[in-house]
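Colleague: Chains as they are written, first to last, in my numbering: chain A, 10 to 355; chain B, 4 to 534.
No lab work stands behind these hints, which were simulated from the structure alone. Small disclaimer: the values here were computed from a predicted structure and weren't measured. Idealized CB from N, CA, C, for every residue including glycine. Any given hint could be a false lead.
Claimed, not checked - FRET-style restraints, in silico, Cβ to Cβ:
id, chain 1, residue 1, chain 2, residue 2, range
1, B, P123, A, E231, 38 to 44 Å
2, A, A184, B, P123, 47 to 53 Å
3, B, W459, A, T247, 56 to 62 Å
As the list claims (entries may be wrong) - Taking lysine to any residue pairs in the SDA-like style, the calculated list, with each CA pair at most 25 Å apart, reads:
id, chain 1, residue 1, chain 2, residue 2
4, A, K248, B, R401
5, A, K248, A, R269
6, A, K252, B, A13
7, B, K398, A, A222
8, A, K252, B, E477
9, B, K458, A, R89
10, B, K458, A, Q291
11, B, K400, A, N264
12, B, K458, A, K252
13, B, K447, A, P259
14, B, K458, A, A261
15, A, K252, B, N21
16, B, K398, B, K495
17, B, K458, A, K248
18, B, K458, A, R290
19, B, K498, B, S422
20, B, K458, A, G61
21, B, K447, B, T358
22, B, K155, B, D12
23, B, K458, B, G434
24, B, K303, B, K398
25, B, K495, B, R383
26, B, K458, A, N293
27, B, K458, B, A513
As the list claims (entries may be wrong) - Partial list, derived from the structure: chain A residues whose beta carbon lies under 8 Å from chain B:
id, residue
28, A79
29, L102
30, Q287
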Amino acid sequence: MRDKGSQAALVSGPRDCSWVRPGASGLWVAPADCWIDPHDPVERALVTHGHGDHARGGHQQVFATPETLAIMALRYGAARDTVAVRYGDTVELAGGVSATFLPAGHVLGSAQILLRYAGERVIVTGDYKRRADPTCAPFVPAACDVLITEATFGLPVFIHPPIEEEIARLLETRARNPDRCVLVGAYALGKAQRLIAELRRAGYGEAIYLHGALVQMCRLYEEQGVPLGPIALVMDTTKEALKGQIVLCPPAALNDRWARRLPDPITALASGWMRVRQRARQRNVELPLVISDHADWTELTQTIAEVDPAETWITHGREDGLLRWCELQQRPARALALAGMFDEDD
Amino acid sequence: MEAFAELLDALTYTRSRNGKLALIAAYLQRTPDPDRGWALAGLTNSLDFPAVKSAVIRQLAVERVDPVLFALSRDYVGDTAETVSLLWPAPPLPGTPPTVAEAVGLLSAMTRATVYGALPALLDRLDANGRYALLKLATGAMRNGVSTRLAKIAFAQAFDVPVTDVEEYWHGQHPPYAALFDWATGRAPPPHAAGAPQFRPFMLAHPIGDTAVDLDLYAVEWKWDGIRAQIVHGDETRIYSRSGDDISHSFPELLGALDTPVVLDGELLVRGAFQGGEEGGAASFNALQQRLNRKTVSRKMLEESSAFVRLFDLLLIGDEDLRPLPWHARRARLEQFAAGLDPARFDLSAIVPATSMEALAAIRDQARDQAIEGVMLKRRDSPYLAGRPMGLWYKWKRDPLLVDCVLMYAQRGNGRRSSYYSDFTFGCWNGDPDAGAELLPVGKSYSGFTDAELKWLDHHVRTHTVNRFGPVRETDRSLVLEIAFDSIHASKRHKSGLAMRFPRIHRIRADKLPREADRIETLRALVAAEP
């Protein structure tokens, strides 16, 4: 089915001839001897954003946006040596490499990293999206020779609907069920705060109830200047008072014993995977909300076309779909097999 | 179409039977005729549009997106109709969605010549959920757990009529079931249904577990490895599966074999090469599966794997309802009745003589042949009761055989398991692994594990892949799986020369080394003696 060219590129892994290349701990910038989003403790790490599969603890020196550093400090405690790089700012690394952090639009503080060395420009997008998000700065496209793009939703079946439609379905479900609560599973960093902010944008003024695991990150967002409106803890509220309310929890708590304290909850999950019916069924979800902080197929392909790099490297997700698209567009591309990256987070 | 699409989605996301019943009932109440009738036909897989087949739909999609991208997407989503509904390019201007009745009319009118133009035009009038509903309506395979029986119960709930009446009047009615709705909503008398071959709920058995049973009070029969079936003769013969679905069309050879009004309970089996059992004559379950879910049965199939029913109960005969009688009285009537039947189509399930549980355990273990799954214990004085009453019937399956194999390949599953690597191929050594022996595949399984184990296995596959062949991943052969199976027989189809019956993953043996897995010769010694 697949043509021989792409099969070979997929299986044999990347060529070993560039100053940015995959290594044992992630993506390695050779002349500067530093790693991007390394999954093991290293000397020098450039971190695109605060999600656990990109930001880990234990590095000697961390370069990241001030917001990402604050998130990492909350999760892992203070790093030994941190260098805060604001959006648009450039830092000089060893070996003649410089790094500029550009907004990625994924979560608060998320950045693309533009690396310059010997006249070449490489952009590592990290995770990104192109849609408006009231909780973070929008993605800024920039020219480069090599674009290293994520591919979480790199198949043409993944087209995220407008978030307004999904928020409207959530509010309708709530209104139709005054004796139940709607329990929405959402990642603690990014998704939860975006959901709250979008509910506010839709005019929802009531308190939003949180699982304990979401509280600290919501506070951090507010400290960083993202208002979330009235929020309250499930722990402090009676079952009766939760009827007709919206409750947020981490996805893992959806089918957990914890949910027994809620009044007959309607289980919802906010994720790009909810586009596929059987994925929602696998998670016992009654109200799938297709809300994602990753670029969908249209955003991924339009971004490559817009940035128009000489070469596209694809990682983190369904590489083979995006690789095939590049092939059809006659764009040089290859899939990077990065260690420690799993494709199921959103 | 929007309301029907919403119903399909809600059924997909609702697990409880009562929840599904309430959804269907509410839809039937508020949807006008004839849409609700067509929807009911769609839900029960009673529609057939000869020109609109899965291959046509795939072809239409491949013309609009690249074939490789389609294949990758189909592999990920695990369902062709859903993949196409998601991939279909949005038309420049949104169209007016059709009603269900209009969609059925248009689908019926399509021919092999017109379908390539007419179906896209219809798809362009719908959004992604509407396209999904349309394609499911056109091709069946709803995958939302609605059986015909469940739909009938929902119908009864919607209009507050007895389900037995629904069963009776449903017979002989065709989509969109106008006479049925007219009757249920009080607009007309019931449709004529005298002599309708009507389904009666089955009596089912409990697993015996640790229950000690006094064999003076219980009769023992073999537990046959076929399909439980109810054969009903009235004005014609119908065959119902355990769920109450009408499977008559798959077994035409049985439809002319009765002439007395009767309701029989038995096991549907197929004759074949692998004969065994006390009575002989039954093929492997595999041969039977080939016969199921076919709208037409070829002459070759009828000759090579002809079906018969091994009878074990008689529920009704003539005007007489035998269900309140004790089992032994029904058995006597059954033996009397079966003596007059065509032995090529019907035989009797033998009574197994056993005086103690110990003796029975020995009999059960020795009966390792193709068509026997274990034994059934039936209380001699038990009436025939619907459902699973306590203490009357027990099933005692024989213990499975166990071997240690090594995981070799994995593939993503379909349906509920889409995106998970859940179909596993495993192998055994063709000699001494320390002396250069190779692993040869001996079986494939997609069951036996819990949801948590599935996640673990999926993760193992993703992190131990050494090669990809299309949708198949080859693993590094580092994981030992304990495989349980019912029997094993010689097969020319596999390189190992062996084929397992119902292999399932019994335990994940991450504690074992691959070299400690079993050898082919060990498996070969387990092959049951076959003629």
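Colleague: Are the hints correct? Go through all of them and say.
Modeller: Evaluation of the provided hints:
Between P123(B) and E231(A), the C-beta spacing of about 50 Å breaks the proposed range 38 to 44 Å. At roughly 37 Å, the beta-carbon separation of A184(A) and P123(B) lies outside the given 47 to 53 Å, and the hint is violated. For W459(B) and T247(A), the Cβ-Cβ distance of about 38 Å falls outside the hinted range of 56 to 62 Å, so the restraint is violated. Proposed proximity of K248(A) and R401(B) is contradicted: the alpha carbons are some 49 Å apart, above 25 Å.
Taking the CA atoms of K248(A) and R269(A), the gap is near 10 Å; set against the 25 Å cutoff, the hint holds. Among the hinted pairs, K252(A) with A13(B) is consistent with the structure: their alpha-carbon atoms are about 22 Å apart, no more than 25 Å. Annotation: proposed proximity of K398(B) to A222(A) is violated, straight-line Cα distance about 48 Å (limit 25 Å). Note on K252(A) and E477(B): the hinted pairing is violated, with a Cα-Cα distance of about 50 Å set against a maximum of 25 Å.
Pair hint K458(B) plus R89(A) does not hold up; C-alpha atoms about 36 Å apart against a cutoff of 25 Å. Distance check on the hinted pair: K458(B) and Q291(A) sit about 11 Å apart at the alpha-carbon level, within 25 Å; holds. For the suggested pair K400(B) and N264(A), the alpha carbons sit about 33 Å apart, so the restraint of at most 25 Å is broken. With a C-alpha separation of about 34 Å, the suggested pair K458(B) and K252(A) falls outside the 25 Å cut-off, and the hint is violated.
Proximity of K447(B) to P259(A) is assessed by CA-CA distance (about 36 Å); at most 25 Å being required, the pair is judged violated. Using a Cα cut-off of 25 Å, the hinted pair K458(B) and A261(A) holds, with the two alpha carbons roughly 14 Å apart. Distance check on the hinted pair: K252(A) and N21(B) sit about 23 Å apart at the alpha-carbon level, within 25 Å; holds. At roughly 33 Å between alpha-carbon atoms, K398(B) and K495(B) are farther apart than 25 Å, so this suggested pair is violated.
For the hint linking K458(B) to K248(A), the alpha-carbon distance of about 33 Å lies beyond 25 Å, and the restraint is violated. Straight-line distance between C-alpha atoms of K458(B) and R290(A) comes to about 15 Å, which keeps the hinted pair within the 25 Å bound. Between K498(B) and S422(B), the direct Cα distance comes to roughly 29 Å. Violation of the 25 Å bound is thereby established for this hinted pair. With a C-alpha separation of about 19 Å, the suggested pair K458(B) and G61(A) falls inside the 25 Å cut-off, and the hint holds.
In summary, the hint linking K447(B) to T358(B) is not supported, as the alpha carbons are separated by about 39 Å, beyond the 25 Å threshold. Distance hint between K155(B) and D12(B) is fulfilled; the C-alpha atoms sit about 20 Å from each other, no more than 25 Å. For the hint pairing K458(B) with G434(B), the CA-to-CA distance comes to about 32 Å; that exceeds 25 Å, so the pair is violated. With a CA separation close to 35 Å, the supplied pair K303(B) and K398(B) exceeds the 25 Å bound.
For a cut-off of 25 Å, the pair hint linking K495(B) to R383(B) is broken: about 45 Å separates their Cα positions. The hinted pair formed by K458(B) and N293(A) meets the criterion: a straight-line CA distance of about 15 Å does not exceed 25 Å. With a CA separation close to 14 Å, the supplied pair K458(B) and A513(B) stays within the 25 Å bound. Given the 8 Å rule on beta carbons, the hint for A79(A) is violated: about 31 Å separates it from the nearest Cβ of chain B.
With a least beta-carbon distance of about 31 Å to chain B, the hint placing L102(A) at the interface is violated under the 8 Å criterion. Look at Q287(A): its Cβ gets to within about 4 Å of chain B, closer than 8 Å, so that hint holds up.
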